[in-house]
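Participant: Spelled out from the first residue to the last, the chains are:
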Amino acid sequence: MSDYAIELENLSRTFRVGPGRTKQAVDGLSLSIERGEMFGLLGPNGAGKTSTVKILMTVLLPTSGHARILGDDVVEQVERVRRRTGVILGGDAGLYARLSARDNLLLFADLYGIPYREQKRRIGELLEMVGLLKSERARVETFSRGMKQRLHIARGLLHDPEVVILDEPSNGIDPVGARELRELVRGTVRDGRTVLMTTHYMFEADELCDRVAVMRDGKKIAEGTPESLKKQTDGQVVLSLDIIGVGEPDLDRLRALPGVHSVSVAEVDGSQRLDLHCDQQTDATAAVLEELRHLTVLRVSKREPTLEDAYVSLVSGGDATWTS
Amino acid sequence: MDVLIRRVVSTALVLSRGWLLELRQLMRSRLYLVTAVILPLVFASLAHYMFAGSQRTEGPLVIALSAGLMGMWSTTLMGSGSAINRLRFMQVLEPLVACPTPTFLFSLPFALATASMGLYSLGATLAWSALFFGMPLELASPVLFVVAVVVTVVSLSMLGLLLASAFILYPTAQALANFFEYPIWMLSGVLVPVSSLPSSVRYAADLLAPSWGVKAIMRSATGESGTFSAVLICSLLSVLYAAITLILLRRFEWLARSSGTLALQ
Chain A
1 MSDYAIELEN LSRTFRVGPG RTKQAVDGLS LSIERGEMFG LLGPNGAGKT STVKILMTVL
61 LPTSGHARIL GDDVVEQVER VRRRTGVILG GDAGLYARLS ARDNLLLFAD LYGIPYREQK
121 RRIGELLEMV GLLKSERARV ETFSRGMKQR LHIARGLLHD PEVVILDEPS NGIDPVGARE
181 LRELVRGTVR DGRTVLMTTH YMFEADELCD RVAVMRDGKK IAEGTPESLK KQTDGQVVLS
241 LDIIGVGEPD LDRLRALPGV HSVSVAEVDG SQRLDLHCDQ QTDATAAVLE ELRHLTVLRV
301 SKREPTLEDA YVSLVSGGDA TWTS
Chain B
325 MDVLIRRVVS TALVLSRGWL LELRQLMRSR LYLVTAVILP LVFASLAHYM FAGSQRTEGP
385 LVIALSAGLM GMWSTTLMGS GSAINRLRFM QVLEPLVACP TPTFLFSLPF ALATASMGLY
445 SLGATLAWSA LFFGMPLELA SPVLFVVAVV VTVVSLSMLG LLLASAFILY PTAQALANFF
505 EYPIWMLSGV LVPVSSLPSS VRYAADLLAP SWGVKAIMRS ATGESGTFSA VLICSLLSVL
565 YAAITLILLR RFEWLARSSG TLALQ
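Going down the list, the sequences are from chains A and B. According to the working numbering, the residues represented by the first sequence are 1 to 324, in order. According to the working numbering, the residues represented by the second sequence are 325 to 589, in order.
In short, the hints are calculated from the structure, not lab data. Be aware that one or more of the hints could be misleading.
A short list of chain A residues far from chain B (calculated; beta carbon distances all over 10 Å) [claimed, not checked]: (1) G18; (2) G94; (3) E207; (4) E223; (5) D250; (6) V268.
Short, incomplete list of chain B residues facing chain A, as computed with Cβ under 7 Å [what the hints assert, rightly or not]: (7) L337; (8) V338; (9) R354; (10) N409; (11) R410; (12) M414; (13) C423; (14) P424; (15) E577; (16) R581; (17) S582; (18) G584; (19) T585.
Backbone N, C-alpha and C define an ideal beta-carbon position, used for all residues, glycine too.
Pulled out of the complex, with its shape left as it was, chain A reads as follows (with noise of 0.2 Å):
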């Protein structure tokens, strides 16, 4: 029996994405979860996180590399993986929107071959587990966006699997929806199962997760505890701009400057904002704003670095090299 839970070993997805062209989706990761754990892994949109994900629910065949569940072979031995692993996505879709939410979960109970005793009783548990007991009868299609989610993870936890995945489960939900799904997130890793979750949020993360794993363009750029990657913006200050026309040769050269780690830029209201990852002890705001000169800068403002800012910094940072 293996250690781990889930195992990734230099696994690799490469796309064809137009004549002789492809896309590397993921690149050669290697991770490794410990039973029982609850490991988030991060990143943007495009670093590859979804595309691990459908390896790991067998719906996508890696292009090289390996990756267990419970020891199980995710190409070799499939329905092992698919009978011991439950996955939670994210989303509006992926339900039968016009079906009940009780037969949304009958149709997969059946799938899963879960006993014909059993499924009233275990229906009848996770709907109530996930709120939706006095919404059985409605229509999918009339739900909420949290309510979709909330069935989303009854569904997941169905069969009663020992590893779970969920892939972005709140995405596009309201706060307090958010704060009740994490809720229940917490309450399947109670009940001793194996969580991997992605999310775009590093609080999300940091509330929930043992451990995580930052991907970047395909590649793990980080590994450690939410603890550690705080502390990689130990000794840093955010230096913020509010500018109006900077171009990319504007950045490259502001990554140049010493002191400087990161250089990041978001579109805030027809302007936009730099947040610089700096040394504390190397005040480079004078350097910034001499290459800088040639453009409107209508705002400077220092603060101290946040969680989210550690992981900013990561994702959008030269080649990090931090792990815990």
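Could you slot chain B onto chain A? The hints should help.
Facilitator: Okay, now just chain B, sitting in the frame of chain A:
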């Protein structure tokens, strides 16, 4: 033995509940319902006016049956294929494939549900023909007729599923199903007698289970001999289709996982 019984029961459960829920889904689509009501009426009208204006020697029952079979075939072929694409569009295809049940078992209920709608289409066309156009519904052998209809509907759903297996791999395979609709009508002997087709094409018709089904239905309705043999050949060909579909679905699922086409592109 216990394991075998449990497996049979669980398979029957998957199929029957899947069929029922898929049927429920179809019934809740207004567009589908409107089409299901209007199409038989269109086919019945076509049959009536074709019969009234032609020199054909077949009786009115044969004409009404042919119209009903056209409706049945349209509903079944289109339904089986589009069911897989609908699942992909709803993003349910990946969670379904991620279940431990073979793809064949979750696809079969869709085919059976659309075949049931096809059965309804046949019944409705015959009913419209009788009610509005006075076409007689006197069957020479009602029991054999029911058997022939059931066998034909199963054969149609198996052929629909065979074509639909490509939908797992290719999201654009709808064009393939559309392409096959009219040739299979022709080869099944619904539009014109198979004997009037070129001999090379007639061999292809012999490989089509629905063409034997059509023969069985017509013979049981008119009292011609040879219903049993047609039912038998239709059933054997249906079993063959199911076996081929089973292999193709397994292969196509693997290829779809390899190419990443299970997801909505």
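Participant: So, for every hint listed, does it hold in this structure?
Facilitator: Hint-by-hint comparison with the structure:
1. Every CB of chain B lies more than 10 Å from the CB of A/G18, the least distance being 13 Å, so the non-interface label holds.
2. A Cβ of chain B approaches the Cβ of A/G94 within 10 Å, the least distance being about 5 Å, so the stated non-interface status is violated.
3. Separation of A/E207 from chain B is adequate, the least Cβ-Cβ distance of about 27 Å exceeding the 10 Å criterion.
4. In this structure A/E223 is separated from chain B by more than 10 Å, as the shortest Cβ-Cβ distance comes to about 26 Å.
5. No beta-carbon of chain B comes within 10 Å of the beta-carbon of A/D250; the shortest separation is about 37 Å.
6. The non-interface label for A/V268 is consistent with chain B: the shortest C-beta to C-beta separation is roughly 32 Å, beyond 10 Å.
7. Hint status for B/L337: holds, given a least beta-carbon distance of 5 Å to chain A, under 7 Å.
8. At a threshold of 7 Å, the smallest CB-CB gap from B/V338 to chain A is about 5 Å, leaving the interface hint in force.
9. The interface hint given for B/R354 is broken, as the beta carbon of that residue sits about 11 Å from the closest beta carbon of chain A, more than 7 Å.
10. Proximity of B/N409 to chain A is violated relative to the hint, the smallest CB-CB distance being about 14 Å (cut-off 7 Å).
11. Contact between B/R410 and chain A, as hinted, is not supported at the beta carbon level, the nearest pair being about 10 Å apart and thus beyond 7 Å.
12. This hint holds: B/M414 has a C-beta 6 Å from the nearest C-beta of chain A, less than the 7 Å allowed.
13. Given the 7 Å rule on beta carbons, the hint for B/C423 holds: about 4 Å separates it from the nearest Cβ of chain A.
14. Interface restraint check for B/P424: the shortest CB-CB distance to chain A comes to about 4 Å, inside 7 Å, so the restraint holds.
15. The interface hint given for B/E577 is broken, as the beta carbon of that residue sits about 9 Å from the closest beta carbon of chain A, more than 7 Å.
16. Checking B/R581 against chain A: minimum C-beta separation of about 5 Å stays under 7 Å; hint holds.
17. Contact between B/S582 and chain A, as hinted, is supported at the beta carbon level, the nearest pair being about 5 Å apart and thus within 7 Å.
18. Here the hint on B/G584 is kept, as its CB sits about 6 Å from the closest CB of chain A, short of 7 Å.
19. Because the closest C-beta pair between B/T585 and chain A is about 10 Å apart, greater than 7 Å, the hint is violated.
In summary, the structure is inconsistent with hints 2, 9, 10, 11, 15, 19 from the numbered list given earlier, while agreeing with the others.
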